[in-house]
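Undergrad: Protein chains in written order, with this note's numbering: chain A, 238 to 473; chain B, 238 to 473.
Think of the hints as simulated: they come from the structure by calculation, not from any bench. Every value quoted in this text rests on a predicted model; they were computed, and no experiment measured them. One thing to keep in mind: the hints can contain errors.
One copy or two, either will do: identical chains are not told apart, so a pair holds if it fits within one copy or between any two.
[What the hints assert, rightly or not] Below, a list of computed lysine-lysine pairs in the DSS-like style, where the Cα atoms sit at most 30 Å apart:
(1) K472 to K454
(2) K456 to K343
(3) K420 to K330
(4) K330 to K454
(5) K330 to K456
What follows is the residue order along each chain.
2 protein chains.
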Amino acid sequence: MDSYRLGRHISHQFDNELENIRNRVLVMGGMVEELLQMAVVPLLDSNESPEKLVPRDEKINQLEVEIDEFCSQILARRQPTARDLRLVIAVGKAISDLERIGDEAKMIARKSDESKVKESRPYYHQLRVLVQRVQGMLNQALDAFARMDAETAVEVARQDESIDDSYGELLRSLINDMEDSPKKVRRSVELMWVTRSLERIGDHAANICEHVVYVVKGKDVRHLSIDEMEDEVNKY
Amino acid sequence: MDSYRLGRHISHQFDNELENIRNRVLVMGGMVEELLQMAVVPLLDSNESPEKLVPRDEKINQLEVEIDEFCSQILARRQPTARDLRLVIAVGKAISDLERIGDEAKMIARKSDESKVKESRPYYHQLRVLVQRVQGMLNQALDAFARMDAETAVEVARQDESIDDSYGELLRSLINDMEDSPKKVRRSVELMWVTRSLERIGDHAANICEHVVYVVKGKDVRHLSIDEMEDEVNKY
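Whole structure, please, built from the sequences with the hints as guidance.
TA: Here it is in structure tokens:
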């Protein structure tokens, strides 16, 4: 495991700053995970009503702006190079992915609050599988980021395939149902958007994994396949 | 108009580098616009078959990686501050938006190549309006970026509202048709994804406008309303 070593700088202040931005990213990640959890509750259990998500979403947006501003300050004052510079750049990208995950969660919340989607009972099982995969992947991606562990990051990125499988399967069910009964069209369309948002969250979690590899290995793996990404991680 | 002034640095080399990354962003933007144009052709004219998009998409991804790498080099070697630093940061964000626009265009191309969508004739008019609005907005956003013109950027960002209107209208037509006839379900679902991708491209074009305001005004306006954004631009 290639974990991030601390205390390498003459300036302890600088070490503290780098540690600080990483911690803030993890705080933001935790908030995004909570938002997602709150958003999916009414989808998986029709007895629950969705809680208020707006203040939480605003806090996430605010954290994104704060962390970005802090990154700019570090770039201007500390002029980091090599791995430190890559960390600051990766943080900027990771928080953008987290913010987009927050947006998708908000969209899921809005859709799962609409009565049509509350009739999602026939899809409970498929939805639950997809939600669990997405939540699991996001959690592990944040963990790989916390530990700056490139090997784990590649394994986590690979999970996107099983999310795509669940996504495709659920979409096919929804389309079949719409063809069976016009009455199911509106409900199914809402669930299609929810399903799509979940799949997009998986993509953003995979991006976070790519940012980890970039920091640790110095290699931009964004447009490589998972196998090529794994080769890059094992290369050095 | 607050255009970007050149020749402010003792090092002409540095000026050239900053000019160089801006130009590369515009080259990338031009390629993304072309990709989008190629993607929508089969949608708006059923006699046309889609051209090969893959090589173009790969070139766009490659440009994103190259520009990002060049930005890192500038950060490490030149240690820019103030507006120069903001320009480098904004370029990093803008190319990420351009890459995502490229992805949406690719998705549109894939969908519009499927025979179901070729039967999109009843929606020609609505689709054409939406496509024209999206293409117009993207083009003007890139122009505002080229000239680093914050006032224009705000005006362009405001166009996202009319795109959302066209998007909502088209969605309602598609859902009504699916309810009318089960035979139309598959075709309409494909067109829903296309419509959604076009709407997302509008969002990314709006992001590019926000990056322009950030460079020129030093203010992060990402989570503000358009009116608040305009206030920020007029403040100084």
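Undergrad: Are the hints correct? Go through all of them and say.
TA: Hints, verified against the model:
no.	hint	result
1	K472 to K454	within (9 Å within a copy, 44 Å between copies)
2	K456 to K343	between (33 Å within a copy, 25 Å between copies)
3	K420 to K330	neither (42 Å within a copy, 43 Å between copies)
4	K330 to K454	both (16 Å within a copy, 22 Å between copies)
5	K330 to K456	both (15 Å within a copy, 18 Å between copies)
Violated hints amount to a single one, hint 3; each of the other numbered hints is respected by the structure.
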